[in-house]
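J.: Could you slot chains B and C onto chain A? The hints should help.
Chains as they are written, first to last, in the UniProt record's numbering: chain A, 1 to 293; chain B, 1 to 308; chain C, 1 to 326.
Mixed in with the good hints there might be a few duds.
Below, a sample of chain C positions facing chain A; criterion: calculated Cβ distance under 8 Å [claimed, not checked]:
#1 Gln67
#2 Glu70
#3 Arg87
#4 Leu95
#5 Tyr97
#6 Ala102
#7 Arg107
#8 Pro117
#9 Ile120
#10 Gly122
Okay, the calculated bits of chain A under chain B, using three or more residues with CB under 8 Å as the criterion [to be verified]:
#11 117 to 126
#12 225 to 235
#13 250 to 257
Because the hints were derived from the structure by calculation, they are not lab data.
This one's a predicted model, so the numbers in the text were calculated from it and none came from an experiment.
Virtual Cβ for every residue (Gly too), placed ideally from N, Cα, C.
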Amino acid sequence: MSSADLTQTQQTPRPAFGILARIRRQVPASVGFGILWLAAMVLIAILADWLRPYGITAMDLTSRLSPPGTPGHWLGTDELGRDVLSRLIQSIRVSLVIAFGATIISAVFGTTLGFLAAQFRGTVEHLVLVLADFQAALPFLIMSLAVLAFFGSSMMLLVCLMGFYGWERYARIARGLAISAGAQGYAASVVQLGANPARVYFRHILPNVASTLIVSMTLTFPEIILMESGLSFLGLGVQPPESSLGNMVGFGREYLTSAPWIMLAPAAVIMVTTLSISLVGDWLRDKLDPTIR
Amino acid sequence: MVQFVLTRLLRAVITIAAVVTFAFVVLRMSGDPAQVMLGPDVPQESVDAFRRAWGLDQPLWVQYFAYLKSILTGDFGVSMRDKAPAIQLVLERVPATLQLTLPALFLKLLIGIPAGVYAALHRQSVTDRGVILASIIGFTIPSFVLGLLLVLIFSVTFGVLPSGGQDTWMHGILPTLTLSIGGIGILARFSRSAMIEVMGQPFIRTASAKGLKWREVVWGHALPNAAIPIVTIVGFMVGSLIAGAVVVESIFSWPGIGRLLVVSVTNRDLAVVQCILLIIAAAMVISNLVVDLLYGWLDPRLRAHVAH
Amino acid sequence: MIPLIEARGLVRIYEIRKGPFSRPQPVRAVDDLSLSVMPGETVGIVGESGSGKSTLGRMLLGIDRAQAGEVIFDGRQMPPLHSQQWRALRAKMQLVYQDPLAALDRRLTISAQIGEPLDIHGIGSKEERKERVRELMGAVGLRPDQAGRYPHELSGGQRQRAVIARALAARPSLLICDEPVSALDVSIQAQVVNMLRDLQEQNGIAMVFISHDLKVVRNIADRVAVMYLGKIVEEGSSDTIFQFPRHPYTKALVSSVPVPGKRLQGRVILQGEPPNPAARPSGCAFHPRCPLATDICRTRTPELRRIETGRTAACHLLANDLAVAA
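For reference, chain A alone in the conformation it holds in the complex (with noise of 0.2 Å):
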């Protein structure tokens, strides 16, 4: 066949040597600082229990307010001379624990009502479309502080409650590229190979829509550790003794005149961290968006 033989040059391996120099061509230097730096907190957020020096209710009241680069309490104490570090490790481990799980859940939850609208349309379809409108009337800290408030703050409840944030974002992508798909594309063609629709959503639709959820979720992740440490700075988030990034700033804020420490700490982990995840973001969405390459 004349025609089958085009294709065939494009396929030469290339070769395989020096993969950390393809690496740093590859990669920026601030997302390389990004990814060291993700790393490291996951590592802080899985090992915390070994890196931690003290307990975080721990309290030493010979040295309270003790300023950064004591011996023994490297970014200082607090005003009960609990160790700064110590807790500013346990707050990374949870306010990622809630990101992560929340992220999770807002992607699983939106996607599904988005294959959802697509398959069934009709009522389904406007179901999903008012609550996506509901959604976006009303900012999420807003809806969070009520709910919270009257449930009460519990662990579980904020990672459900920041679980919806961000879900409407997930569900009009997944919808949008399920009907497109399965108007006359892909998705339509293997309905009419005979595929039942869970081989149709999970086979087909799903790995091609992944990469696109998986940029909206490096959008949402930092969105909910910012939307979970406002509420905690607010005092309605995590509850002590349990603390988090947004909840040590908001108790060290009592100490802005005289121990800044307490509240910088944290902050800047919430800023570098946020600041990685958006350049991280960033790259993979160049990497993995078919419809910007």
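T.: Chains B and C alone, transformed into the frame defined by chain A:
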């Protein structure tokens, strides 16, 4: 065009109805307000009396319809704590919130959009880099951190600006800045990319090629086209402005509805929270409606589509 | 002989709304249409865009619901869309698409996709499926080393070969090809059409070949139906239709095909607007463009009736044997 407006209005009404229902469901079913208000050690008779007084002994759907009826008549209930009508308490606080949010919105628009457009027209310049840096700050620094940093710098270290209260115009500077800095960066970044995208379009090249002055190309062709995505993002900003006000008012002890919300939520003051929720939802829906209509007015394609 | 698939009085009306509050307007895409296909036979459907030929193809497959009329396949009524029986029936009837790139999943290798009908319908063991895929790739002219390729790594012609292989995997008895070559380069069109014809003959598959390209249809079809605004206006054996078209519309279509060495003189050029299914003319739908239209054409819709053995047409003039000589 009439149809377009009607469709949008209908959606706005549905959304408001959804928020009303949400407020009722969450706030009524989540806990027993009698227990919360009266405390745990109160005899059963007073709890019952409290419930009767607030209609809490009725079945839920009766409460729901009573609630709908009262909202339609402008009655948002009485604050359980202050014993004053909720709507009155909330409206008293609205001017203070507007004193922060309106200047912040103007700052965002007046600095953000021109800076973004200028940056797009002068790529790689100092302004361009500044816009990118500011947008990164806007995306990554939460407003409560920014607010505290500003206090740390201007109130604690230099002592030039007050850190809380609402006594003079000086007191408004830090909260307004906190509320607007991030948004300015985001809006500038967005205007910049919208403008860059438009400037790359073939019709811009055509306009330059047919001999229009650069100024005419930018004002006559590029800006009107870049306006459409910019208006969309401004619509979204109203929501973040309100959410931001909650945090900023809390930091700076500013007596607006945001602080009232946090206090009422902590006290579980049902009527006030509901009232604020509905007012914020109404503000959001109205601003979305305005954006939608602006959109229809700005985009001739939409206009033509609607006319047919 | 019993037809493999038979459509009786099919009607498909789409409702088009201009806005959320305006009254929906009916568009008759397929209008009281009957057609039957014998086992192993190739029927060509020709017509301009908007004539409803693609809708007809989808209705034959049961993808588009018929609002009136019925489709009988293999002696049984078409089961409702997306039902268990409908899905099972996909093994017996398959579709070849106009755009092979859109019809293929870009995240799966072509061998995985060619074998997919076998997975779906549970045909054969794992080894047998592998063997069948290899055999199919050979049959459509794809090299074994292309098995691991992704759709975007293949040329347009190769993709269409993969789509055809996939359609044939479960050994269907009916293949519906909707403009299968119109997206391909002209040089590759003939290859693919010839391959389709060979495969159809070897496997005894019945085929409905939908195309606006008369040359291609003439090359492959045993019988041809000409559609105009949702109705068949003439039907007959491929040779007679192309050599001696009778309906004025068929005449115009046939004479629009350039013939080497012939001048443009004597060709019937179609006048007026191309057909718009949303604004269907009264009487014979073709009358505004028909050079021979008379009063009766404007008021009464002509029936499709037999004009010769094995040939039908819907034209008042033919019924009265007036326009035959024209």
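J.: Mind listing which of the numbered hints don't hold for this structure, in increasing order?
T.: As far as the earlier hints go, 1, 2, 10 and 11 are violated by this structure, in ascending order.
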